[in-house]
Amino acid sequence: MLRPRNILLVEDDRVDSMTIKRALEEVEINNRLDTVSNGEEALAYLLSAENELPALILLDLNMPRMNGMEFLRTVKTHAGFKKIPVVVLTTSRADQDISASFELGAAGYMVKPLDYREFIEAVVTIARYWQLSELPE
Amino acid sequence: MPLVLFFLFLSVGTTYYFSRKALTGLGETWLETRLAEALKIAEEQVNLLQRYGLESIPASIEKAKMDAGTAISAIEVGELGFVFVVSSQGIVILHPDNGRVGQDVSNEGWFTEMKHGEVQFVSWGQDSDNMASAIYFKPWEWHILVAIPTQEIYGVANKMGPYIFYLAILGSIAMSIVLMYMTRGLTAPLISLTAGADRIGKGELKTRISIPGRNEFSHLAGVFNQMADKLQNTLTTLQQREEHFRSIIENASDIITILDEDGTITYASPSIERILGYQPDALIGRNAFDIIHPGDRENIERLYWEELESPAETTSTEFRVQHSDGTWRTLEGTSENMLYHPVVGGFIINSRDISDRKLALEALHESHQELERRVQERTAQLDSINKELKEFAYVVSHDLKAPLRAISQLAHWISEDYTEALDQEGREMMDLILKRVKRMDGLIEGVLSYSRIGRIKEHTVALDLNILVDEIIENSMAPSHVRVNIDGELPVVQRDPIRMQQVFQNLIDNAITYMDKSQGIVRIGCEGEGMQWKFSITDNGPGIDIRYHEKIFQIFQTLTPRDEHESSGVGLTLVKKIIQQYNGSIWVVSEPGKGSTFYFTLPKREESHAAA
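Protein chains in written order, with the numbering used here: chain D, 1 to 137; chain G, 1001 to 1612.
Hints were generated in silico from the structure; no laboratory data involved.
Mixed in with the good hints there might be a few duds.
Said to hold, decoys possible - Here are the simulated DSSO-like pairs of lysine-lysine, each with C-alpha atoms no more than 30 Å apart in a straight line: (1) D:Lys76 with G:Lys1438; (2) G:Lys1551 with G:Lys1517; (3) G:Lys1438 with D:Lys21; (4) G:Lys1390 with D:Lys76; (5) G:Lys1517 with D:Lys21.
Claimed, not checked - Not close to chain D: a few residues of chain G, all C-beta gaps over 12 Å, as computed: (6) Leu1039; (7) Gln1409; (8) Glu1416.
Idealized CB from N, CA, C, for every residue including glycine.
Using the sequences and the accompanying hints, generate a full structural model.
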């Protein structure tokens, strides 16, 4: 039932990356998790012939160099990448971030909970959803 | 004068004629007497012959005829007159001129005339006209004639002619003078009447005519004077009225102008000089549109034509007119089409200077704009401050919360992954870290929600507070010893549901959280107070010392240790800010140990009580 393809995590906070990794492992979601720390790196990852296109992108918004919004805009205007679901995973509860993300074509938006248990629940919910959801090939 | 001369000559002629006729008559009578004398002589001779019985003796008869002839010849007839005898056969028998004796005059006209009747004039040969008288003496068949040259008869008259003529002239002159005098008696009143009428006609209404006496003329003069009196009175009244209205118009502060069909000025009241600097006379004949501001001309012309077409309409409008110094003045004018008025015959424009008013309005407008500009400036400043605050809130929410979350995560992992390495105290310390992290998160969230008030657009709806508060009570999960209920009815208000929820939620939560009695009662009530609602949240909790009635509304201020009652210290600050945002007020009434009542007011906005 698990899609074999990897998940791309775009996240500059190491602790958050660890949390997500830990959470996926804890609930035995075995997709490979590739982590990059900003938008530029994420684009480079997608454009590299070595990498398979990810099944899901988990995107932080506040990052150095190219932030999440810029990355989202670029990905969603790229013919080859725009079908990849991007779920925003961020600290910001700001209305403008939520609406801007969905306008740019985000598949979901989740605020990182403070509590570790809640955080795990959130990550698992997202991962499970995208495991079940049909996606275009 | 020709008439006088005519009369003069007529009278002279008449005189002459009559005097000549009189002379003729006189001459005739004179001739008659001489003729009678001659006849008497002839008759005496016949008588003598008869007396002496000689009437049949031809010699005696001849003698008698000769005697008679001599005697008759002796009769004097003036200077040149004479007596002569002609036989019935027309032979001259006796004539002072012997040469004429024996001449036949039977062919003369006067002889035939004489034979048939009377004769008046005789003449023959080289004789001039003679006046004559004849008688027929039958016994001798004599025509005895007495003749006198007409010259002699009329000579007197002819000599008298010049005298008569002069006399006649004198008489005529005298008569003319008399006539003139008499005529003057008639014409003088007429002349003075005519002259009087003329003078009145020329406008000299004080003219009066005086004709003495008690005739038709003096009566006429009286009537004339009465008429002049009335005329003068009427005219004086009219002049006074005209002056009255003129002075009203000319002293009016408004400008009154009359325009003809083309807009040419036919009258301008003197106030135009004060307001626009033009001499009224200088404007007459000019077209009014020429001094109207080009920007207003089209509109004014349009109104003018509209009114020309429908004269019943009176229009009022604003327009700019050029002052004689070149500046522009704003006038407000009303025009009335009186083109068809028999006396006015034009457009009456009544206008007043509203430049000052206009300037004042403009100044007001400017200061208004200035004010607006300043408000905008302030708003812009405020906006930028707000934006900064927003960004600050964003940064806070993200940048402060991210490390906080990391601390929380790491602490969690340490307590999970290193359970064996930590003793009881170490695990408690890890718990404390997690709790403080949560508190810190609460504080940050509090600041964020506080900063969101007035920054986030509100959604005003008709909100039934009975439903809202009921939901809050239900979700508050109050412990069983605390009873929360609504006292009476709450109104329906036009407010943002989230804000109202924050208000009631915080106040009710506080009442529940700090409840220290075994039987807790929290009551929510509301009453109308004029233009506002007054809400109350009453509890029988610990109460608040009056010292803290202000402090409790300040941010991050709590009255109990946070370890006892986990609190961000933002709740009441948030409530106060919301209430103030709605132009209401909030305060607390409390008796320590017995409980508190939080009151807050909200202005009514087309709201109705739910019960109503």
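Looking back at the numbered hints, which does the structure fail to meet, lowest number first? Violated: hints 1, 5, 7, 8.
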